[in-house]
Amino acid sequence: MSSISKNNNNSSVIMEGKNLNKWYKGIHALKNVSFELGEKEVVGLVGDNGAGKSTLIKILSGAHRQDEGQIFFQGNEVSLSSPRDSMNLGIETIYQYTALVPQMSIARNIFIGREPVLFRLGPIAYIDYKKMGIEALEALRNVGFELRSPDTPIDELSGGERQGVTIARAMYFKTKVMILDEPTNHLSIKETNKVLGWVEDLKHQGITAIFITHNLHHVYPIADKLIVLSRGEKIADIKKEDTSIEELTNLIV
Amino acid sequence: MSGEYTNSLKANRYIQKGLFDRFRASPAGNVILVFLLVLLTCSIVSLIYPDNFRFLSKPNLIILQRAIPTLGIMSIGVGILMITGEFDLSVGAVFGLSAYIMAMVYSAGMPILVGVIAALLVGIIFGLINGWITTSFGIPSFITTLGTLFIIRSGGRLVSDNVPIIFQVPDWFKTLMTGRMLGYIQMQFVWFIIIAIIAWIILNRHTIGNHFISVGGNQMSSTQVGINVKKTKILAFVLCSICAVIAGIMSVIRVGVVNTDAKPLMELECVAACVMGGVALTGGRGSIVGVAVGAIMFHLVKDIIILGKLPAYYLELFIGLVIVFGVTLNQIAKKKY
Chain A
996 MSSISKNNNN SSVIMEGKNL NKWYKGIHAL KNVSFELGEK EVVGLVGDNG
1046 AGKSTLIKIL SGAHRQDEGQ IFFQGNEVSL SSPRDSMNLG IETIYQYTAL
1096 VPQMSIARNI FIGREPVLFR LGPIAYIDYK KMGIEALEAL RNVGFELRSP
1146 DTPIDELSGG ERQGVTIARA MYFKTKVMIL DEPTNHLSIK ETNKVLGWVE
1196 DLKHQGITAI FITHNLHHVY PIADKLIVLS RGEKIADIKK EDTSIEELTN
1246 LIV
Chain B
16 MSGEYTNSLK ANRYIQKGLF DRFRASPAGN VILVFLLVLL TCSIVSLIYP
66 DNFRFLSKPN LIILQRAIPT LGIMSIGVGI LMITGEFDLS VGAVFGLSAY
116 IMAMVYSAGM PILVGVIAAL LVGIIFGLIN GWITTSFGIP SFITTLGTLF
166 IIRSGGRLVS DNVPIIFQVP DWFKTLMTGR MLGYIQMQFV WFIIIAIIAW
216 IILNRHTIGN HFISVGGNQM SSTQVGINVK KTKILAFVLC SICAVIAGIM
266 SVIRVGVVNT DAKPLMELEC VAACVMGGVA LTGGRGSIVG VAVGAIMFHL
316 VKDIIILGKL PAYYLELFIG LVIVFGVTLN QIAKKKY
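Residue numbers (the working numbering), protein chains in the order written: chain A, 996 to 1248; chain B, 16 to 352.
None of these hints come from the bench; they were simulated from the model. Just so you know, even glycine gets a beta-carbon here, dropped at the ideal spot from N, CA and C. Treat the hints with caution; some may be incorrect.
To be verified - Subject to a maximum C-alpha distance of 30 Å in a straight line, what follows is the list of computed DSS-like cross-link-like pairs (lysine-lysine):
{"hint": "1", "chain 1": "A", "residue 1": "K1169", "chain 2": "B", "residue 2": "K246"}
{"hint": "2", "chain 1": "A", "residue 1": "K1169", "chain 2": "B", "residue 2": "K245"}
{"hint": "3", "chain 1": "A", "residue 1": "K1126", "chain 2": "B", "residue 2": "K245"}
{"hint": "4", "chain 1": "A", "residue 1": "K1013", "chain 2": "A", "residue 2": "K1026"}
{"hint": "5", "chain 1": "A", "residue 1": "K1235", "chain 2": "A", "residue 2": "K1198"}
{"hint": "6", "chain 1": "A", "residue 1": "K1198", "chain 2": "A", "residue 2": "K1126"}
{"hint": "7", "chain 1": "B", "residue 1": "K73", "chain 2": "A", "residue 2": "K1126"}
{"hint": "8", "chain 1": "A", "residue 1": "K1198", "chain 2": "A", "residue 2": "K1234"}
{"hint": "9", "chain 1": "A", "residue 1": "K1198", "chain 2": "A", "residue 2": "K1013"}
{"hint": "10", "chain 1": "A", "residue 1": "K1026", "chain 2": "A", "residue 2": "K1234"}
{"hint": "11", "chain 1": "A", "residue 1": "K1125", "chain 2": "A", "residue 2": "K1185"}
{"hint": "12", "chain 1": "A", "residue 1": "K1185", "chain 2": "A", "residue 2": "K1234"}
{"hint": "13", "chain 1": "B", "residue 1": "K245", "chain 2": "B", "residue 2": "K73"}
{"hint": "14", "chain 1": "B", "residue 1": "K246", "chain 2": "A", "residue 2": "K1020"}
{"hint": "15", "chain 1": "A", "residue 1": "K1125", "chain 2": "A", "residue 2": "K1234"}
{"hint": "16", "chain 1": "A", "residue 1": "K1013", "chain 2": "A", "residue 2": "K1235"}
{"hint": "17", "chain 1": "B", "residue 1": "K324", "chain 2": "A", "residue 2": "K1020"}
{"hint": "18", "chain 1": "A", "residue 1": "K1234", "chain 2": "A", "residue 2": "K1126"}
{"hint": "19", "chain 1": "B", "residue 1": "K73", "chain 2": "B", "residue 2": "K189"}
{"hint": "20", "chain 1": "B", "residue 1": "K324", "chain 2": "B", "residue 2": "K73"}
{"hint": "21", "chain 1": "A", "residue 1": "K1169", "chain 2": "A", "residue 2": "K1013"}
{"hint": "22", "chain 1": "B", "residue 1": "K245", "chain 2": "A", "residue 2": "K1125"}
{"hint": "23", "chain 1": "A", "residue 1": "K1171", "chain 2": "A", "residue 2": "K1189"}
{"hint": "24", "chain 1": "A", "residue 1": "K1171", "chain 2": "A", "residue 2": "K1185"}
{"hint": "25", "chain 1": "A", "residue 1": "K1171", "chain 2": "B", "residue 2": "K245"}
{"hint": "26", "chain 1": "A", "residue 1": "K1234", "chain 2": "A", "residue 2": "K1013"}
{"hint": "27", "chain 1": "A", "residue 1": "K1125", "chain 2": "B", "residue 2": "K246"}
Stated by the list, open to error - Here are the computed distance ranges between Cβ atoms for each label pair:
{"hint": "28", "chain 1": "A", "residue 1": "D1080", "chain 2": "B", "residue 2": "I77", "range": "42 to 52 Å"}
{"hint": "29", "chain 1": "A", "residue 1": "D1080", "chain 2": "B", "residue 2": "P185", "range": "31 to 41 Å"}
{"hint": "30", "chain 1": "B", "residue 1": "L128", "chain 2": "A", "residue 2": "R1109", "range": "33 to 43 Å"}
{"hint": "31", "chain 1": "A", "residue 1": "S1077", "chain 2": "B", "residue 2": "T190", "range": "47 to 57 Å"}
{"hint": "32", "chain 1": "B", "residue 1": "I216", "chain 2": "A", "residue 2": "R1109", "range": "11 to 21 Å"}
{"hint": "33", "chain 1": "A", "residue 1": "S1077", "chain 2": "B", "residue 2": "I338", "range": "50 to 60 Å"}
{"hint": "34", "chain 1": "A", "residue 1": "R1060", "chain 2": "B", "residue 2": "I338", "range": "37 to 47 Å"}
{"hint": "35", "chain 1": "A", "residue 1": "W1018", "chain 2": "B", "residue 2": "G335", "range": "47 to 57 Å"}
{"hint": "36", "chain 1": "A", "residue 1": "I1230", "chain 2": "B", "residue 2": "V342", "range": "46 to 56 Å"}
{"hint": "37", "chain 1": "A", "residue 1": "R1109", "chain 2": "B", "residue 2": "I200", "range": "40 to 50 Å"}
Take these sequences, add in the hints, and give me the full structure.
Structure representation (structure tokens):
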């Protein structure tokens, strides 16, 4: 009885995958993977190179389509055939290096593809530049960038700050599920901690985060649940309190 | 909120960096600085030696205003495309062919506006072809448009049979496009400024401009935020061709003679003007002001060489040096600031 009630507490599932399969030119990259993501949960998706992590997130972000299997979002089956589809549902993916345009300002980056428009006249859509600046500043404040001007080009920012901008963007657009692809790769220890702090904060903002990494030590402190992939198969899906770093390390290796 | 925003902007701009450093770090910073210096020097020299260096004389100012817009308008199109991350080497050929088509349609007894529309259609079609081939088959646009450059040039010869058309457009149209205002201002130059302003608005205040820069800067991330990269690039190709058509029309109606193989190497002059203006060859970086100033610089130097009675090949030497050193300087500026 106690175990059932415990389950109920965490059972508000926001996203679910059932028997997902993907082949690339004959290679079985994802083998019958099923998973559930709870609301306001930080899920660590770990595995060695080639384990199928990227394939899985590409499917969830709409970049690729699964060959078999179903995806449910808030209880309804969904078809994700483009990144737009995922974004419209509130699934935002932050890729390691490719999420921002280095030459553009912070404000422009936050609003690429979703620019606030002052007026629209047929094909003419005039950007509300001032609103873009103000809103960008607000979005940055949410992740604690008080002193950064929204006009700063991205290539003047450090790696950690860039992650901050992408996280600010996702928060601003009321993301429900945020997929972070190796967000702490190549960051200094100080910046890694900063990024980890932001990811933890997502939970308090009601956002579910999938944290992809091959560094277990980064995700373990902040994760609620860990999913381990190996050679395209899910080999573990376990709550943090039921496992330990040693146990997981042995699984991955 | 708004006041706060402005304050934070000010705080940042002025505390982090001096205004001058920021200006120099901007894509067009260096070229504008050099341009102002050259302009100032020329004006002073011309004031001191009005008989030997007629830079500020009325005929010279008129010549400059007639020469700059052709290259300037084309370069703006090429610049937008380069910012989007692609090249168009076929602009010179589109420039010649579209002007010829306009003259042909007009000479056949149609109203001049029908001729203009026909010329624009030709440009749009070639823009679509360039963009479609490049984006659909993943061919570098350098190659695609190198091919269409030859195809359009030879197609032009086929259409024209190498016989120039001599024609006289209606006065109102001639005055509108190439007339003179207030004694000193050429309409070509006015159109150049108008087109530059429109281009600036498209690039900086229109959603599509945001997409141009983002596609040129990082194609992957643009796809990920849901931008249709293919559509965006094709649109940039079309805009580029339209600019070439406008330049083509403008350059022939004053003289009233058109041949399809006019101005070889025009396409490379455009790339040169863009590079001088701080447009990155890799896309994503550049400004309309820079491109416009780059095109003006090109003719300014040409003018100085003519006025100073120097050999004509000095121009090519200068352009070559500017491209090599200009790009180097921009690269240094980018690292330093």
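Going through the hints against the structure:
1. K1169/A / K246/B: Status holds; Cα separation ~27 Å.
2. K1169/A / K245/B: holds (28 Å)
3. K1126/A / K245/B: holds (28 Å)
4. K1013/A / K1026/A: holds (11 Å)
5. K1235/A / K1198/A: holds (16 Å)
6. K1198/A / K1126/A: holds (28 Å)
7. K73/B / K1126/A: violated (46 Å)
8. K1198/A / K1234/A: The hint holds at about 16 Å.
9. K1198/A / K1013/A: Holds. K1198/A to K1013/A sits at ~24 Å (cutoff 30 Å).
10. K1026/A / K1234/A: With Cα atoms ~22 Å apart, K1026/A and K1234/A stay inside 30 Å; holds.
11. K1125/A / K1185/A: With a Cα-Cα distance of about 33 Å, the restraint between K1125/A and K1185/A is violated, given a limit of 30 Å.
12. K1185/A / K1234/A: holds (27 Å)
13. K245/B / K73/B: violated (47 Å)
14. K246/B / K1020/A: Holds - the C-alpha atoms of K1020/A and K246/B are around 28 Å apart, at most 30 Å.
15. K1125/A / K1234/A: Given that 30 Å is the threshold and the Cα spacing comes to 45 Å, the pair is violated.
16. K1013/A / K1235/A: holds (22 Å)
17. K324/B / K1020/A: violated (67 Å)
18. K1234/A / K1126/A: violated (42 Å)
19. K73/B / K189/B: Answer holds: K73/B to K189/B is near 21 Å, not above 30 Å.
20. K324/B / K73/B: The hint holds at about 18 Å.
21. K1169/A / K1013/A: Since the Cα atoms of K1169/A and K1013/A sit roughly 26 Å apart, the hinted pair holds (cutoff 30 Å).
22. K245/B / K1125/A: holds (29 Å)
23. K1171/A / K1189/A: holds (21 Å)
24. K1171/A / K1185/A: holds (27 Å)
25. K1171/A / K245/B: Holds: K1171/A and K245/B sit about 29 Å apart, inside 30 Å.
26. K1234/A / K1013/A: Distance of about 19 Å is within 30 Å: holds.
27. K1125/A / K246/B: holds (27 Å)
28. D1080/A / I77/B: 42 to 52 Å: violated (58 Å)
29. D1080/A / P185/B: 31 to 41 Å: Given range 31 to 41 Å: violated, Cβ gap about 54 Å.
30. L128/B / R1109/A: 33 to 43 Å: holds (39 Å)
31. S1077/A / T190/B: 47 to 57 Å: Given range 47 to 57 Å: holds, Cβ gap about 51 Å.
32. I216/B / R1109/A: 11 to 21 Å: For R1109/A against I216/B, whose Cβ atoms are near 20 Å apart, the range 11 to 21 Å holds.
33. S1077/A / I338/B: 50 to 60 Å: violated (40 Å)
34. R1060/A / I338/B: 37 to 47 Å: holds (46 Å)
35. W1018/A / G335/B: 47 to 57 Å: Holds: the Cβ-Cβ distance is about 53 Å, inside 47 to 57 Å.
36. I1230/A / V342/B: 46 to 56 Å: Check passed, 52 Å falls within 46 to 56 Å.
37. R1109/A / I200/B: 40 to 50 Å: With Cβ atoms ~42 Å apart, the hint holds.
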